[in-house]
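There are 2 protein chains.
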Amino acid sequence: MNSFPESINDLIDAFSRLPGIGRKTAQRLSFYVLKENDEQVSVFSDALKAVKSRIRNCSVCHGITENELCPICEDSKRDKNTLCIVENAQDVFVFERTNTFKGVYHVLGGVLSPLDGISPEDLNISTLMARVSEGMEVILATNSSVEGETTSLYLTKILEDKKIIVTRLARGLPVGGDLDYIDEATLVRAMEGRTSV
Amino acid sequence: MNSFPESINDLIDAFSRLPGIGRKTAQRLSFYVLKENDEQVSVFSDALKAVKSRIRNCSVCHGITENELCPICEDSKRDKNTLCIVENAQDVFVFERTNTFKGVYHVLGGVLSPLDGISPEDLNISTLMARVSEGMEVILATNSSVEGETTSLYLTKILEDKKIIVTRLARGLPVGGDLDYIDEATLVRAMEGRTSV
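Residue numbers (the working numbering), protein chains in the order written: chain A, 3 to 199; chain B, 3 to 199.
Here chain A stands alone, though its shape is the one from the complex (with noise of 0.2 Å):
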């Protein structure tokens, strides 16, 4: 008997297609999910199906919601003309755990990359360019990766004769940071950056 019985296997094939785990670790939860009682299982199974059937897209910001608005497009207390683009819609959740923005977001779904076949057509570009107007602030939040930077200048460039303010995010030296350990590239963009005490 040289594999494990195929609901089992089943199971491990199912945990290993999740990033970073492996086949030996997709074993390890499999047998731990086989000793957990029948209540957790159920529970864990019944998440899996739900975050399907209940989360989409908010209709304004293509953030992740249970209703047809998310509660930061909802809330009118929230700056309408502070506009922060981030990349996916997890990284709203980074913000938003700040409590310092008090704007609102917009998800791209990606980023540009020609090498994966993702163009402008692909990103929520089209519904951005909807809501812009006049006067407005944009905060361009993509990661810095090459294609972060690229779709970064993109929405620059197609942003450009609007007559909105086209803001980035500062790069520096992270808080608590050591001089010791920081990379070139970021010590390069902390002087140039520099502010007055």
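No lab work stands behind these hints, which were simulated from the structure alone.
Do not rely on the hints blindly, as some may be mistaken.
Note that identical chains are pooled: a pair holds if it fits in a single copy or bridges any two copies.
DSSO-like, lysine-lysine: derived pairs with alpha carbons at most 27 Å apart [unchecked claim]:
1. Lys26 to Lys165
2. Lys165 to Lys104
3. Lys54 to Lys165
4. Lys82 to Lys51
5. Lys165 to Lys79
6. Lys37 to Lys51
7. Lys159 to Lys51
8. Lys51 to Lys104
9. Lys51 to Lys26
10. Lys37 to Lys26
11. Lys79 to Lys104
12. Lys159 to Lys54
13. Lys104 to Lys26
14. Lys165 to Lys82
15. Lys164 to Lys51
16. Lys104 to Lys159
17. Lys82 to Lys159
18. Lys164 to Lys37
Since the structure is predicted, the reported quantities are computational estimates derived from the model, not experimental observations.
Starting from the structure of chain A, add chain B where the hints point.
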């Protein structure tokens, strides 16, 4: 908005209950699930439930199976007079993968551990005693943890006057292991158990 939609939170909770998966990883996995297509998620969800409903313990060796008997206990070609005693059902597959052991197994379902309140009655020991008979060989293949060794000692004791051969797995250098990296305890066992060439 400080927190994820409820259904995402539920899934993050479910993932974080798994061993070795922290909150951050659980978030990453949940968002990955959100991007998978409906069918893949459905397969995953069903696999979780199937494992709990279809897997049971073999009525002879307590290994896992989808039938009354596991494929090993059912196999008439396996030597029923050589019994390998292992801690968990997973251990059976570790031995089976070597494709060399032709005997059968007995799964204890744990190890003796007074600290965790696990006494002989909590392990599959009564069914083990019912299986052993004069002339058999019993191989103690528990781990070399304190609990594993204690369990081995206990089993040696209660099998003592049954006129059966009790053996243990050899301890020594792992195949391909480098002397430089071997711990002292293993080296001592390797010396003690040296064989003539």
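Cross-check of the supplied hints:
{"no.": "1", "hint": "Lys26 to Lys165", "in the structure": "neither (55 Å within a copy, 40 Å between copies)"}
{"no.": "2", "hint": "Lys165 to Lys104", "in the structure": "within (22 Å within a copy, 79 Å between copies)"}
{"no.": "3", "hint": "Lys54 to Lys165", "in the structure": "neither (39 Å within a copy, 60 Å between copies)"}
{"no.": "4", "hint": "Lys82 to Lys51", "in the structure": "neither (33 Å within a copy, 45 Å between copies)"}
{"no.": "5", "hint": "Lys165 to Lys79", "in the structure": "within (24 Å within a copy, 82 Å between copies)"}
{"no.": "6", "hint": "Lys37 to Lys51", "in the structure": "both (22 Å within a copy, 13 Å between copies)"}
{"no.": "7", "hint": "Lys159 to Lys51", "in the structure": "neither (41 Å within a copy, 51 Å between copies)"}
{"no.": "8", "hint": "Lys51 to Lys104", "in the structure": "neither (33 Å within a copy, 43 Å between copies)"}
{"no.": "9", "hint": "Lys51 to Lys26", "in the structure": "both (25 Å within a copy, 21 Å between copies)"}
{"no.": "10", "hint": "Lys37 to Lys26", "in the structure": "both (17 Å within a copy, 24 Å between copies)"}
{"no.": "11", "hint": "Lys79 to Lys104", "in the structure": "within (8 Å within a copy, 72 Å between copies)"}
{"no.": "12", "hint": "Lys159 to Lys54", "in the structure": "neither (36 Å within a copy, 55 Å between copies)"}
{"no.": "13", "hint": "Lys104 to Lys26", "in the structure": "between (44 Å within a copy, 25 Å between copies)"}
{"no.": "14", "hint": "Lys165 to Lys82", "in the structure": "within (16 Å within a copy, 84 Å between copies)"}
{"no.": "15", "hint": "Lys164 to Lys51", "in the structure": "neither (43 Å within a copy, 54 Å between copies)"}
{"no.": "16", "hint": "Lys104 to Lys159", "in the structure": "within (26 Å within a copy, 71 Å between copies)"}
{"no.": "17", "hint": "Lys82 to Lys159", "in the structure": "within (22 Å within a copy, 77 Å between copies)"}
{"no.": "18", "hint": "Lys164 to Lys37", "in the structure": "neither (60 Å within a copy, 33 Å between copies)"}
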